[in-house]
Amino acid sequence: MRKRIYIIPILLGLLLFVSYYLNVENISLRSIIFTFSFGSVEYYKPYITEVTFGYIQILISHFIFGTYIYKHFCSASVYYFSRTKKKKKWYYIESLKMYLNIFLYVLCLITVPVLAAIVTGKAGKILAADILFFLYYLVVYSLFIFITVEIINLLSILWASNAGFVLVEIICLTFFGLYTILGEVFDEAYITGHSWLVRWNPACHLIIKIHSSNWDFLNESINRIFIDFPLSESVIVLGLAAIAVLFAGGFLVSHIDMVSQNKEGE
Amino acid sequence: MMQRWPFILTWYVVFGITTINFCKNVMTTQRQIFISEMFDITKTITLSDWSEMGYFFMIYYPILVVFPTSYIMLHDKDSGIQTYLIGRLGRKNYYFGKLISVFISTFIIFTLPFIMEFLLELVCFHLSSNGDPSNITYDQALRKIEYYFLHDLYLQNKIVYVVVIITIFGIVSGIFAVFNVALSTLSFMKYKIFTFVPVYLLLYLLALCEKNKIFRFTTNYMFVLRAFEESPNKNYLCYGAFLLCLIIISILLMVRKCKKGELK
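Protein chains in written order, with the working numbering: chain B, 4 to 269; chain U, 7 to 270.
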């Protein structure tokens with residue numbers, strides 16, 4: 004992966020910092036993290052515009068990493084894989100490298116606005132909760148992006164890069180759309196009583212503000228819709244999903260016919 | 007181009023959304039006994055600001071608008087048909103012919119399903135129903151009409167108004183698709199996946215301009231492209247100028263592409 008690709012998350016981080024915090028003083032670290040994690044999205048229709056603002060970080064990651072594994076299957080794939088002894092092992096190593104790259108992408112994205120706040124003297128006091136939210140953001144977002152990017156790559160290998168990309172984007176946006184329409188269909192008390200409506204929506208794992216925690220110093224900043232949705236649950240669910248996608252990919256890659264590859268021209 | 011699966015898939019998606027919206031309108035209207043209770047049929051179409059399906063449609067719009075045609079140039083180049091067609095038609099005819107065919111096919115996808123839905127609504131619902139989906143009083147609803155795009159036409163004839171709105175929506179979609187295809191001729195567009203992002207980024211940056219108050223009017227496509235949107239901060243002259251700029255950029259990119267391949 005070319006190093007210059009990381010200019011994109013750095014620029015995006017700066018752009019979002021300028022958009023949200025140029026005229027704000029005393030910025031807390033957690034407010035930056037909440038802004039970057041769909042903090043302003045609520046379960047009502049008008050908030051859909053906020054989804055498009057938050058979703059750009061995920062869309063650009065799909066754009067950057069959407070061909071990370073797939074590109075090896077396009078040009079000269081037969082030659083390339085004739086030199087790779089174990090295709091499955093190669094795939095797992097590439098996936099691990101991709102995860103590390105995604106982690107760096109997310110790190111650049113969130114660190115730039117934090118550093119910008121510190122450099123401009125606008126940053127408030129950094130508390131333990133801020134650090135925990137920061138780490139949580141890194142883990143959850145890198146896992147979510149990894150899962151979606153892996154699916155895009157695998158679907159691209161099966162069909163073509165356009166099919167994988169569009170399918171994943173439509174599914175992701177549908178889940179966000181379903182969350183933002185929740186308040187129009189059910190009343191608040193019903194949603195609070197039926198937390199599965201939120202917990203079973205994959206997009207909701209990305210909205211830190213609607214999670215809950217057993218630790219009061221964390222819980223007081225989040226749990227906006229008063230449901231039992233622990234932060235740890237998202238990490239476990241996304242972690243398990245990432246492992247499942249990884250093994251499914253391993254199975255697919257080992258059974259793919261190299262000769263009939265390169266679907267870009269079809 | 008219209009026989010390719012992305013075109014057919016997008017057609018079914020748009021058609022599906024309009025069909026669901028129509029079925030939802032039927033379910034809503036069948037519960038109402040008096041015509042005075044029924045909503046204005048023009049305000050329940052998918053492109054209306056009051057339609058929930060239209061709201062979902064707008065989330066997908068930046069991707070759907072480019073999906074059927076975005077990588078047509080890449081496809082022609084990779085399959086080798088580009089060389090054959092350029093040899094037969096000439097560079098200029100080939101590239102500008104592509105732009106025109108992209109515009110027409112996108113226009114069809116983003117116009118016909120909405121026209122069909124509106125025709126069905128005309129047949130099934132009562133034309134004299136005047137209810138406003140916001141449930142505000144008739145007097146208040148009348149005062150909000152002045153914020154609609156082309157409100158004079160709406161007051162003259164509602165049916166013509168809807169047809170015009172759908173046609174404009176199709177033209178705008180066509181311009182976005184043409185711009186995207188023109189950008190896809192740039193050298194860094196190696197994979198099909200890359201061709202989906204320009205329009206999304208463009209619409210995103212415009213929406214961000216509104217957030218930062220760079221412009222005094224709304225630049226978020228969700229507020230501009232939907233009919234019966236009531237926010238007063240709109241500047242249709244600027245939107246028109248912006249679309250004209252997109253057309254000019256597309257033409258310039260194509261001229262550049264034509265000249266690049268010519269022998270001196």
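Keep in mind the hints are simulated off the structure, nothing from the lab. If you're wondering where the values come from, they're calculated on a predicted model, not measured in any experiment. Positions of the beta carbon are idealized from the N, C-alpha and C atoms, including for glycine. It is possible that part of the hints are untrue.
[To be verified] Now the stretches of chain U that chain B is said to cover, found in silico as 3 or more residues with beta-carbon under 8 Å:
#1 43–50
#2 56–65
[Unchecked claim] Straight-line C-alpha distance at most 27 Å; calculated DSS-like pairs for lysine-lysine:
#3 U:Lys263 / B:Lys48
#4 B:Lys48 / U:Lys240
#5 U:Lys240 / B:Lys6
#6 U:Lys263 / U:Lys98
[To be verified] Distance windows between CB atoms, simulated:
#7 B:His258 / U:Gly93: 48 to 54 Å
#8 B:Glu223 / U:Pro139: 36 to 42 Å
#9 U:Ile114 / B:Phe189: 24 to 30 Å
#10 U:Pro139 / B:Leu103: 34 to 40 Å
#11 U:Leu15 / B:Asn222: 43 to 49 Å
#12 B:Ile134 / U:Ile26: 43 to 49 Å
#13 B:Lys88 / U:Leu211: 55 to 61 Å
That 34 to 40 Å hint for Pro139 of chain U and Leu103 of chain B (C-beta), does it hold up? For Leu103 of chain B against Pro139 of chain U, whose Cβ atoms are near 50 Å apart, the range 34 to 40 Å is violated.
Tell me if chain B covers the stretch 43–50 of chain U under the three-residue, 8 Å CB rule, please? violated (count 0)
Honestly, do His258 of chain B and Gly93 of chain U meet the 48 to 54 Å range at C-beta? violated, 41 Å
Lys48 of chain B paired with Lys240 of chain U [C-alpha distance capped at 27 Å]: holds, 21 Å
Is the hinted range of 55 to 61 Å satisfied by the C-beta distance from Lys88 of chain B to Leu211 of chain U? The hinted range 55 to 61 Å is violated for Lys88 of chain B and Leu211 of chain U, with Cβ atoms some 46 Å apart.
Holds or violated: are the alpha carbons of Lys263 of chain U and Lys98 of chain U at most 27 Å from each other? holds, 9 Å
Hinted pair, alpha-carbon criterion (27 Å max): Lys240 of chain U, Lys6 of chain B. Please report holds or violated. violated, 42 Å
Distance restraint between Lys263 of chain U and Lys48 of chain B, which requires alpha-carbon spacing of 27 Å or less: Violated - the C-alpha atoms of Lys48 of chain B and Lys263 of chain U are around 43 Å apart, more than 27 Å.
Glu223 of chain B and Pro139 of chain U, beta-carbon distance inside 36 to 42 Å? holds, 39 Å
Between Leu15 of chain U and Asn222 of chain B, does the beta-carbon spacing fit 43 to 49 Å? Holds, since Leu15 of chain U and Asn222 of chain B (Cβ atoms, about 45 Å apart) stay within the stated range.
Does the stretch 56–65 of chain U contain three or more residues whose Cβ lies closer than 8 Å to a Cβ of chain B? Answer holds; 5 residues pass the 8 Å Cβ test.
Range hint compliance [Cβ, Ile134 of chain B to Ile26 of chain U, 43 to 49 Å]: holds, 46 Å
Consistency note: the structure conflicts with the earlier hints numbered 1, 3, 5, 7, 9, 10 and 13.
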